[in-house]
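Protein chains: 2
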Amino acid sequence: MIKLHDIAEGVKKGQLRALAKAITLVESRNIDHSVAATTLLDELLPASGNSIRLGISGVPGAGKSTIIEALGLHLTGLGHKVAVLAVDPTSQLSGGSILGDKTRMEALSRDPNAFIRPSPSGDTLGGVARKTRETMLVCEAAGYDVIIVETVGVGQSEITVASMVDFFMLLQLPGAGDELQGIKKGVMEIADAIFINKAEGDNRPKAELARQQYLNALHLLKPKSTNWQVPVRLCSALHKQGIAEAWQTVHDFTQAMKASGEFEQKRRLQATDWMWTLTMNDLKDLFMHDRNVAALLTQMQQAVAQGITTPGAASRRLIEVFKRGH
Amino acid sequence: MIKLHDIAEGVKKGQLRALAKAITLVESRNIDHSVAATTLLDELLPASGNSIRLGISGVPGAGKSTIIEALGLHLTGLGHKVAVLAVDPTSQLSGGSILGDKTRMEALSRDPNAFIRPSPSGDTLGGVARKTRETMLVCEAAGYDVIIVETVGVGQSEITVASMVDFFMLLQLPGAGDELQGIKKGVMEIADAIFINKAEGDNRPKAELARQQYLNALHLLKPKSTNWQVPVRLCSALHKQGIAEAWQTVHDFTQAMKASGEFEQKRRLQATDWMWTLTMNDLKDLFMHDRNVAALLTQMQQAVAQGITTPGAASRRLIEVFKRGH
Numbered sequence: 001m002i003k004l005h006d007i008a009e010g011v012k013k014g015q016l017r018a019l020a021k022a023i024t025l026v027e028s029r030n031i032d033h034s035v036a037a038t039t040l041l042d043e044l045l046p047a048s049g050n051s052i053r054l055g056i057s058g059v060p061g062a063g064k065s066t067i068i069e070a071l072g073l074h075l076t077g078l079g080h081k082v083a084v085l086a087v088d089p090t091s092q093l094s095g096g097s098i099l100g101d102k103t104r105m106e107a108l109s110r111d112p113n114a115f116i117r118p119s120p121s122g123d124t125l126g127g128v129a130r131k132t133r134e135t136m137l138v139c140e141a142a143g144y145d146v147i148i149v150e151t152v153g154v155g156q157s158e159i160t161v162a163s164m165v166d167f168f169m170l171l172q173l174p175g176a177g178d179e180l181q182g183i184k185k186g187v188m189e190i191a192d193a194i195f196i197n198k199a200e201g202d203n204r205p206k207a208e209l210a211r212q213q214y215l216n217a218l219h220l221l222k223p224k225s226t227n228w229q230v231p232v233r234l235c236s237a238l239h240k241q242g243i244a245e246a247w248q249t250v251h252d253f254t255q256a257m258k259a260s261g262e263f264e265q266k267r268r269l270q271a272t273d274w275m276w277t278l279t280m281n282d283l284k285d286l287f288m289h290d291r292n293v294a295a296l297l298t299q300m301q302q303a304v305a306q307g308i309t310t311p312g313a314a315s316r317r318l319i320e321v322f323k324r325g326h
Numbered sequence: 001m002i003k004l005h006d007i008a009e010g011v012k013k014g015q016l017r018a019l020a021k022a023i024t025l026v027e028s029r030n031i032d033h034s035v036a037a038t039t040l041l042d043e044l045l046p047a048s049g050n051s052i053r054l055g056i057s058g059v060p061g062a063g064k065s066t067i068i069e070a071l072g073l074h075l076t077g078l079g080h081k082v083a084v085l086a087v088d089p090t091s092q093l094s095g096g097s098i099l100g101d102k103t104r105m106e107a108l109s110r111d112p113n114a115f116i117r118p119s120p121s122g123d124t125l126g127g128v129a130r131k132t133r134e135t136m137l138v139c140e141a142a143g144y145d146v147i148i149v150e151t152v153g154v155g156q157s158e159i160t161v162a163s164m165v166d167f168f169m170l171l172q173l174p175g176a177g178d179e180l181q182g183i184k185k186g187v188m189e190i191a192d193a194i195f196i197n198k199a200e201g202d203n204r205p206k207a208e209l210a211r212q213q214y215l216n217a218l219h220l221l222k223p224k225s226t227n228w229q230v231p232v233r234l235c236s237a238l239h240k241q242g243i244a245e246a247w248q249t250v251h252d253f254t255q256a257m258k259a260s261g262e263f264e265q266k267r268r269l270q271a272t273d274w275m276w277t278l279t280m281n282d283l284k285d286l287f288m289h290d291r292n293v294a295a296l297l298t299q300m301q302q303a304v305a306q307g308i309t310t311p312g313a314a315s316r317r318l319i320e321v322f323k324r325g326h
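Chains as they are written, first to last, in the numbering used here: chain A, 1 to 326; chain B, 1 to 326.
Derived by calculation from the structure, the hints in this document are not laboratory data. Because the structure is a prediction, the values reported are computed rather than measured. Ideal Cβ placement from N, Cα and C applies to all residues, glycine included. Errors might be hidden in some of the hints.
What the hints assert, rightly or not - Okay, the calculated beta carbon distance ranges per label pair:
# : chain 1 : residue 1 : chain 2 : residue 2 : range
1 : B       : His33     : A       : Ile308    : 15 to 25 Å
2 : B       : Ile31     : A       : Pro223    : 41 to 51 Å
3 : A       : Glu9      : B       : Ile31     : 32 to 42 Å
4 : A       : Lys224    : B       : Ile308    : 24 to 34 Å
5 : B       : Ala259    : A       : Ser225    : 42 to 52 Å
6 : B       : Asn30     : A       : Asn50     : 47 to 57 Å
7 : B       : His74     : A       : Pro223    : 35 to 45 Å
8 : B       : Gly49     : A       : Leu209    : 45 to 55 Å
Stated by the list, open to error - Here are the computed lysine-lysine pairs in the DSSO-like style, where the Cα-Cα straight-line distance is at most 30 Å:
#  : chain 1 : residue 1 : chain 2 : residue 2
9  : A       : Lys206    : B       : Lys323
10 : A       : Lys222    : B       : Lys224
11 : A       : Lys13     : A       : Lys258
12 : B       : Lys284    : A       : Lys266
13 : A       : Lys284    : B       : Lys258
14 : A       : Lys3      : A       : Lys21
15 : B       : Lys206    : A       : Lys323
16 : A       : Lys224    : A       : Lys206
17 : B       : Lys284    : A       : Lys323
18 : A       : Lys206    : B       : Lys222
19 : A       : Lys222    : A       : Lys258
20 : A       : Lys323    : A       : Lys284
21 : B       : Lys222    : B       : Lys266
22 : B       : Lys258    : B       : Lys284
23 : A       : Lys206    : A       : Lys222
24 : B       : Lys323    : A       : Lys224
25 : A       : Lys284    : B       : Lys284
26 : A       : Lys222    : B       : Lys222
27 : B       : Lys240    : A       : Lys224
28 : B       : Lys240    : A       : Lys284
29 : B       : Lys3      : B       : Lys13
30 : B       : Lys258    : B       : Lys206
31 : A       : Lys258    : A       : Lys240
32 : B       : Lys284    : B       : Lys323
33 : B       : Lys3      : A       : Lys284
34 : B       : Lys258    : B       : Lys222
35 : A       : Lys206    : A       : Lys240
36 : B       : Lys224    : B       : Lys206
37 : B       : Lys284    : A       : Lys224
38 : B       : Lys224    : A       : Lys224
39 : B       : Lys206    : A       : Lys206
40 : B       : Lys206    : A       : Lys222
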């Protein structure tokens, strides 16, 4: 029997063993653990929330690890406690695009005020995201006051991470016009700041050009908030240039959002949206695993694809068999 | 008693009275009509699909009506039968952003080979979209081989229309850099072509500049298909300049998509996606109207917003009471 209350108390005292146990529980696929995790999270919830939640994304090679390490060390130097989490839905398939081992952020992983956790594995982005959100709450309850959530530029993962953080930073490389750097649909719209990394030496003019291109593109988009203009800044994580400025940007942003009330509003909305997402996912699962629905589903889907049945008629039949079975 | 078979036969013969009856049935909120409409649509389905489905959107004042009228007359002149439908989720509130009366497309509405139908009213975008999709099938069965679906640049309506057409045209005005023209999130990504209208007289240089800005912005986005590069063209609907070229663009696009198999693939995907959307909507309705869920919902939502309960715990409780009640 797991002593949940003891784990919760240990987490709140910032004990690393308790933290590890709590996260293991949250990440477990065991159904009993899942129930225990719900209870634990409800106990930790009042102690959570006192952090800045920061999302970072960028194409492979943009230097995410380097900037997170530099930023993390800068923050622990200022007295913060930093947790680095990851959302990598590819982790199951290939060992992941974001390496799980701590060797890639060696100095930060030795820092007693930093906690690095690789991406949980999970079949779906939804599963991975759920675990990361819950781990975030556990870390907050343990006193980490800056949570960095890293993600890869794959599929919907950036949108998902943006929906769980206060500030979303997009990391790019000089040479924005290149086909290789093609920005995924909707990603530029969710950025609260764009940083062009590796703006060093010969890269500098290219980085400046890229900056201008992003600014032009941003100009064509409606701003997310009337109280914030998305900045495009240059940095060199390798030479630790622009790191303090990056944190200043996050700070300016959160100040502006807190002053306007958007900070709390966004968090409340994120929480209720998340409740809905989870509920709709579970409802869909319930539906898909219904015996009567499962028996009819493939047939209906094919009939619709082949133009034999209208989507409306197919949908009505599926809902009817679901109702009948309940 | 409505003689459904007679209506279906009348529609297939292109009889306007039967067409009007069928659409009235499809648009009705009466539950008996809804069942009848499903039967009718299943009968019409084999005769539908033989059209080009064209979506047109643009900011208010971009000249949507003028270009649709010019394009419609050009098409009937070429021997096509053209149906113009609209998706305007604001129609209930304010009489709509897209005027329902035919006076705004006077010449086209007098053309015997054109059929203009104002936006159905409906509480939600989903409801309006459902009716428009079904009306589209009815029009196709009646022999209309070009369906134009017009929408306003409001909320999600453009994304919704893009998901029901083969080709999505975004109409813009010269002066793209202006704040007023700020492009909504995600809209540029769904365009298959951008037309800058009112590129006449003194506006010409501004239109050229806008064209270049859109091309630059498009360059930063990943293309939707490797077989199509989104063109940005100038036109003047008022002076009927660029209308034949616009149709040529649609033609080139559909040829390329048909050759690569993407045309059929997209339609199949749209139909099954639509089935899913309808099913998930009905499932959500079922859930929300469940007595046990309804009794708990507000409480859970508030608890989550106030940080008393985690979204995960709230979601689990809601799903449990739903299961218990069935």
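Taking the numbered hints from earlier one at a time, note which ones the structure violates and give those numbers from smallest to largest.
As far as the earlier hints go, 3, 9, 13, 15, 22, 24, 27, 28, 30, 33 are violated by this structure, in ascending order.
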